[in-house]
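*Asks:* Residues per chain, in single letters:
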Amino acid sequence: MTRLNLTLLILLALAVPLSLLAGQVWIDPFHPALPNATTILMQLRLPRAVLALAVGGGLGAAGAAMQGYLRNPLADPGLFGIAPCAALGAVLSFWTGFAASAFTLPLFALLGAGSAMALLGLIAGRDGGVATFTLAGMMLASLAGALMSLAISLSPTPFALSEIVTWLMGALADRSWRDVWIAVPGALLGIALLRASGRGLDALLLGEPVARSLGIDPRRLQWLLIAGVGLTVGSGVAVAGIIGFVGLVVPHLVRPLTDRRPSQLIIPSALAGALLLLCADVVCRLIPLAGGELRLGIALSLIGAPFFLMLLLRMRRGLSDDGGWA
Amino acid sequence: MILSAGNLGLSGRLNGISCSLSSGRITAICGPNGAGKSSLLACLAGLLEQEVGEVSLDGRSLASMRPNERAQAIGYLPQVPQVAWDVSVETLVALGRVPWPGSGSAEVESALAAMDLAALRHRPMSRLSGGERARVLLARVLAGEPQWLLADEPLASLDLAHAQAIMARFRAEADRGRGVIVVLHDLAAAMNHADRVIVLENGAIVADGPPELALAEKVVARVWQIKANWLGEPGAKALAIAN
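Chains as they are written, first to last, in the working numbering: chain E, 237 to 562; chain S, -10 to 232.
So here's chain E without its partners, still in its complex pose:
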């Protein structure tokens, strides 16, 4: 295990217990517990913390793999169209009224993600070229975005409209162990598949012809990425809605601490993504806001957008140390 991974694991081991204590109701472990402390911990905060780890870890790993595959520091998991298609699935479950059933919303979102994965495979999986694959993903993202807007504009009731808009903002509030069982297997399997793609992503460092000359099968690499990004992002969107910027920001924060090979970035990005989402979720819980708490997706976008701008400015000045000179 590298020193970076060990450090991140130690930080996570410290952050998880602290996150369980923090919230609108603080739990003091050294004094007699609240009568309902066990319920708060086991039924509200622990599943929420586990979800933050799974969703953040998946998004971080997917972002690192996407940037490695597209050889572009501005890539994020949404580019393949899987997240927008998963969100479209969830929106359709609200639109049709099926979201009222506990399992239907994540099921619809997973179906959306699965459809995107299948379509990507059909459209782009034959020639193995990065450009065709990326264009196919962008087309899917654009189509899913348009269909979501259409569904919102044709929303059958104001209640459904409000539900859709709120859900799209992304959050981990009021999630249960049921959501954990949906998110965790997808995230773990997805991260394992993305880690398996590391050798191919490293070979892409010098471009597609060199990667092929090094024995990398571009179609196998694409399938690993489709499945890895699909499972991590699809399961994340299914339980938490759209949470942006983690996949973009985290690999940038971690990359200078590695040797910059994509393969060495995937696991640290998963750990750092988990840590970032866990901390951001605690901040959301602690900020007092009329009518509830700050939505996680909004909080991360508020952090991520200035970071993105800073990155663009650094690249424009030619000072990027993140490989922006490719």
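Any given hint might turn out to be false.
To be verified - Incomplete in silico selection of chain S near chain E, CB under 7 Å:
#  : residue
1  : Ala34
2  : Leu36
3  : Pro56
4  : Asn57
5  : Ala60
6  : Tyr65
7  : Pro67
8  : Pro70
9  : Ala73
10 : Trp74
11 : Val76
12 : Thr80
13 : Val87
14 : Pro88
Because the hints were derived from the structure by calculation, they are not lab data. Even glycine gets a Cβ: it sits at the ideal position worked out from N, Cα and C.
Position chain S against the provided structure of chain E, taking the given hints into account.
*Replies:* Here is chain S on its own, set in the frame of chain E:
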């Protein structure tokens, strides 16, 4: 070992090319722009699928080989590739070991030493000169210890000293029994360093043989449409272009 192409055809680029190349020699592929040199090299490396014909390595079709097996046998150095992330020299050279999972630090050290890069091993790629960069990229191929070295314009944008050093390394590798196939625009480099020259024009071979014959003045006049004379001694010839 023999790398051979049989009747290769690729629409608009290659037109029935057949050749048989031996290891232990430097073979230069020359020709004017658009003659099909890079396409032929990519087909020989198994990276471009020809529409007609076959490339085989010791009688085995490249298309039937597993990608990893092919990569272990054939190393490919493209024209000045872009490096996506600003990795260190050592990390980039170690990429040559991708076809050999679970092995490689000795081969990486040997490649670094062969290209005189030990002192630069921790330097980021963005802080190298053009000549240093060319040495690193060749070291990456050497680290894979392939039986065949295929290089596309390895001397492009290099000064004379670096070009000489790269060609000397190719000679050393050929003397170790490797097959070296190089696409060259510099006809003098082909004349002075190659054992065999294949001249392409419009996707077809128009001359093939020892450099003195394949790059004879009448061939240069016909293919490149210039009147030129070879000056100097064998091994140190220069092409003087007449007005």
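*Asks:* If a hint holds in the structure, say so; if it does not, say that too.
*Replies:* Against the structure, the hints come out as follows:
| no. | hint | result |
| --- | --- | --- |
| 1 | Ala34 | holds, 6 Å |
| 2 | Leu36 | holds, 5 Å |
| 3 | Pro56 | holds, 4 Å |
| 4 | Asn57 | holds, 4 Å |
| 5 | Ala60 | holds, 3 Å |
| 6 | Tyr65 | holds, 4 Å |
| 7 | Pro67 | holds, 5 Å |
| 8 | Pro70 | holds, 4 Å |
| 9 | Ala73 | holds, 4 Å |
| 10 | Trp74 | holds, 4 Å |
| 11 | Val76 | holds, 5 Å |
| 12 | Thr80 | holds, 5 Å |
| 13 | Val87 | holds, 4 Å |
| 14 | Pro88 | holds, 4 Å |
The structure shown violates none of the earlier numbered hints.
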